[in-house]
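Trainee: Listed here are the chains, written in short residue letters.
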Amino acid sequence: MPDWREIVSKGLSGLKLGADEKEEVHAELAEHLEETYEALLREGMSESAAIRRTLSLAEDWNDLRRKIHWARKGKETMTDRMKQLWLPGILAFALSTGMLVLIQTYGPKLWVASWMGVLPFGKLYIPWLLLLPIVGAMGAYFSRRGVGSRRLMLSSAVFPVLPFLASILLVPVSLMFGDFIGQNVGLMSLVMALLGWVVVPGAALLAGALPVLFFFSRQKDPQQTAF
Amino acid sequence: MIGPGIKRGTAELAILSVLEEGPLHGYEMARRIEKQTKGALRFTLAALYPMLYRMEQRGWIRGAWETSQSGRRKRCYRLTPAGRKKLSPLRKEWEELFGALKRLTKVAHA
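Residue numbers (my numbering), protein chains in the order written: chain A, 1 to 227; chain B, 1 to 110.
No lab work stands behind these hints: they were computed from the structure.
These numbers come from a predicted model, not from an experiment.
Treat the hints loosely; a few may be bogus.
Claimed, not checked - In silico DSS-like pairs for lysine-lysine, Cα to Cα no more than 27 angstroms straight-line:
#, chain 1, residue 1, chain 2, residue 2
1, A, K67, B, K35
2, A, K67, A, K22
3, A, K22, A, K73
4, A, K83, A, K10
5, B, K35, A, K83
6, B, K86, A, K73
7, A, K73, A, K83
8, B, K106, B, K38
9, A, K83, B, K85
10, B, K92, A, K83
11, B, K106, B, K92
12, B, K38, A, K73
13, A, K67, A, K10
14, B, K106, A, K67
15, A, K16, A, K67
16, B, K38, B, K92
17, B, K35, B, K85
18, A, K10, A, K22
To be verified - Stretch-level coverage of chain A by chain B, calculated; a stretch enters the list once three of its residues show a Cβ under 8 angstroms from a Cβ in chain B:
#, region
19, 57-71
20, 131-137
Every residue gets a Cβ at the ideal spot worked out from N, C-alpha and C, and that includes glycine.
Go ahead and model the full structure; you've got the sequences and the hints to work with.
Mentor: This is the structure:
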């Protein structure tokens with residue numbers, strides 16, 4: 001009987017995995033070949049024909065080695081979630097932040113609306129808000145291109161306000177544990193911050209995302225398409 | 001005979017479906033799929049194992065070495081709760097696709 005372990009080791013030589021992991025793969029594949037070979041013999045096949053037929057399961061060793069390497073290292077392609085949420089969301093966030101920085105630096109100061117006088121929390125950057133629907137539409141569109149569901153399209157669109165939401169929510173939490181964050185942060189300031197950095201920009205992002213969602217909802221939902 | 005593109009697409013469903021019946025090792029899985037599909041789905045090593053490893057990384061299945069009654073060590077795969085959860089929508093998706101294709105071919109022949 002052929003030494004299937006040796007055949008597999010030779011066929012997969014150069015497989016870039018850790019010693020233990022490689023040993024496991026070799027043992028598993030050799031076991032598969034051995035069982036196939038024994039089953040073919042039991043069916044009455046000649047030894048040489050059974051060996052040929054068993055070896056045909058491996059087809060191309062180089063292809064097999066490459067595929068196993070990708071699968072074990074998780075390097076095949078981007079995951080669905082990456083294409084449908086993280087990538088479009090981060091892209092939208094980068095774009096919206098970049099635009100905000102540009103507007104804060106070079107934008108028309110007169111277009112800045114402010115609540116609560118000197119407090120910086122309640123500011124509305126009107127030019128930024130006017131541009132956000134485009135960002136929201138882009139986030140939703142790229143999520144859709146990654147075959148994202150409606151929920152993921154909306155999440156990608158509003159992604160740029162999520163870091164703001166997280167940082168605003170951290171303020172009351174940090175006040176509970178220490179006093180190193182501004183003592184003058186009051187409830188009204190937090191509400192204003194939520195409005196100015198989360199609710200209003202979020203609505204602007206959604207305003208851009210909803211037409212995209214509506215446009216694609218007239219087509220078949222990607223979750224229902226198997227291709 | 002089903003073409004290679006469709007085979008690749010259905011392979012995940014095939015693996016999850018046979019594992020729903022109970023834990024299996026690679027060879028037995030391939031054999032059972034081949035038998036139950038009357039030879040329409042046949043797995044080479046390059047098709048089966050990379051897919052099993054990927055599915056394991058996604059948390060749909062879990063593999064563990066076990067010793068059989070004959071003393072042979074085999075890596076048995078089991079469906080995880082995440083895999084079980086994945087199976088139902090996947091099955092529905094493929095049923096819808098094949099239903100749609102069936103309706104389409106009926107219309108074409110009418």
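Trainee: Each of the hints needs a verdict: does it hold here or not?
Mentor: Checked hints:
no.: 1; hint: K67(A) - K35(B); verdict: 25 angstroms, holds
no.: 2; hint: K67(A) - K22(A); verdict: 14 angstroms, holds
no.: 3; hint: K22(A) - K73(A); verdict: 12 angstroms, holds
no.: 4; hint: K83(A) - K10(A); verdict: 37 angstroms, violated
no.: 5; hint: K35(B) - K83(A); verdict: 36 angstroms, violated
no.: 6; hint: K86(B) - K73(A); verdict: 22 angstroms, holds
no.: 7; hint: K73(A) - K83(A); verdict: 19 angstroms, holds
no.: 8; hint: K106(B) - K38(B); verdict: 24 angstroms, holds
no.: 9; hint: K83(A) - K85(B); verdict: 21 angstroms, holds
no.: 10; hint: K92(B) - K83(A); verdict: 23 angstroms, holds
no.: 11; hint: K106(B) - K92(B); verdict: 21 angstroms, holds
no.: 12; hint: K38(B) - K73(A); verdict: 34 angstroms, violated
no.: 13; hint: K67(A) - K10(A); verdict: 16 angstroms, holds
no.: 14; hint: K106(B) - K67(A); verdict: 39 angstroms, violated
no.: 15; hint: K16(A) - K67(A); verdict: 11 angstroms, holds
no.: 16; hint: K38(B) - K92(B); verdict: 22 angstroms, holds
no.: 17; hint: K35(B) - K85(B); verdict: 25 angstroms, holds
no.: 18; hint: K10(A) - K22(A); verdict: 12 angstroms, holds
no.: 19; hint: 57-71; verdict: holds (count 10)
no.: 20; hint: 131-137; verdict: violated (count 0)
Consistency with the previously given hints fails for numbers 4, 5, 12, 14, 20, ordered from lowest to highest.
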